[in-house]
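Construct the complete structure from the given sequences, taking the supplied hints into account.
Take any residue in the sequence shown, count from 1 to its spot, add 124: that is its number in the numbering used here.
Treat the hints as calculated values from the structure; they're not laboratory data. Using N, Cα and C, we set each Cβ at its ideal position, and we do this for glycine too.
Straight-line distance between alpha carbons at most 35 Å, and here's what the computed DSBU-like set of lysine-lysine pairs gives:
| id | residue 1 | residue 2 |
| --- | --- | --- |
| 1 | Lys410 | Lys372 |
| 2 | Lys372 | Lys406 |
| 3 | Lys212 | Lys236 |
Simulated DEER-style distance windows between Cβ atoms:
| id | residue 1 | residue 2 | range |
| --- | --- | --- | --- |
| 4 | Met125 | Arg156 | 23 to 31 Å |
| 5 | Ser286 | Ala171 | 30 to 38 Å |
| 6 | Thr234 | Gly327 | 33 to 41 Å |
| 7 | Asn168 | Glu262 | 13 to 21 Å |
| 8 | Asn150 | Lys265 | 18 to 26 Å |
| 9 | Asp159 | Ala332 | 40 to 48 Å |
| 10 | Leu353 | Ser233 | 25 to 33 Å |
| 11 | Lys372 | Asp277 | 36 to 44 Å |
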Amino acid sequence: MNKIGIMGSGAFGTGLAATLAKANNNVVLWGRNSDHIKNINSTNMNARYLPNIKLPNNIYATSDFSDLNSVDALLMVAPAQYLRETLKSFDLKNLNCPLIVCSKGIEKSTGKLQSQIIEEVLGNKQCAALSGPGFAIELAKGMPTALTLAADDTELGASLQSMLSTEALRLYLSNDLLGVQLGGALKNVFAIASGIVVGSNLGESARAAVITRGFTELSRLTYSMGGKLDTLNGLSGFGDLTLSCTSKLSRNFCYGKQLARSGNLNPGETVEGIDTALITLKLAEKYKVEMPIASQVALVLSGQTTVEIALSELMKRPLKSENIT
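Next comes the structure, spelled out in structure tokens:
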């Protein structure tokens, strides 16, 4: 029996905790808010983020970071923009277990991926990333889900794949740590774009165009930054993009849809694609990559243009051949 730590007691952290606990792992679920943590332990539910979902008894929620000292693996589910702050808040250098990045985003102030932040703050820690098309509520209910587990060290990846796979959670192994993280982060930008299309009542053909051309843009930047195109053809790339661009369970999609209908830029909750869109625009410029859809999304989110003008600009672009490079 493994002891698995999860850093982040929100919806996705709790969903992962539930599916891993059902596979007879002991799970330590850490969160900052002590009242929230006490409520999880007393009710075996996370009423704030996953109401009406009963959690297995072998999940122990805690706000004491020392409870994570003896875990066999630590899943990092803190929002991407707060990972650096979280890492600096605790002494993790003596933590002798692999760290698995589970949040999807790019640090807006530096353009760094989550594994790069871990390396910068903690030094040479064993690091992996878990990404792909999976929603917290479906994980918590034990519904079949397939994700990608990436690690530069293939031996580490194989060990974690075996440890974290369950009857309901099937993990596929990748050695493209950079590509898997970029696929998970960048797809949020195009999920917002897809939501804008739906919220603007532009039709399913337009949404299909956004998904397909969005995948092209995502692939261009990932390849230019050193990721592998083959990676993006899998769960962590096209799989995650498709789900996030079409499902009402996707916060990024729902935000884009509401934005188009109300014009309100305030999401009211964590929507990783907002910060990712803004840093993506800078990365596209840095790597000299053409990303017209992502660029227009960033301009809308920063208040520099309107949805109507952005759509018009995209449709008026010069005609060209269809390719990634």
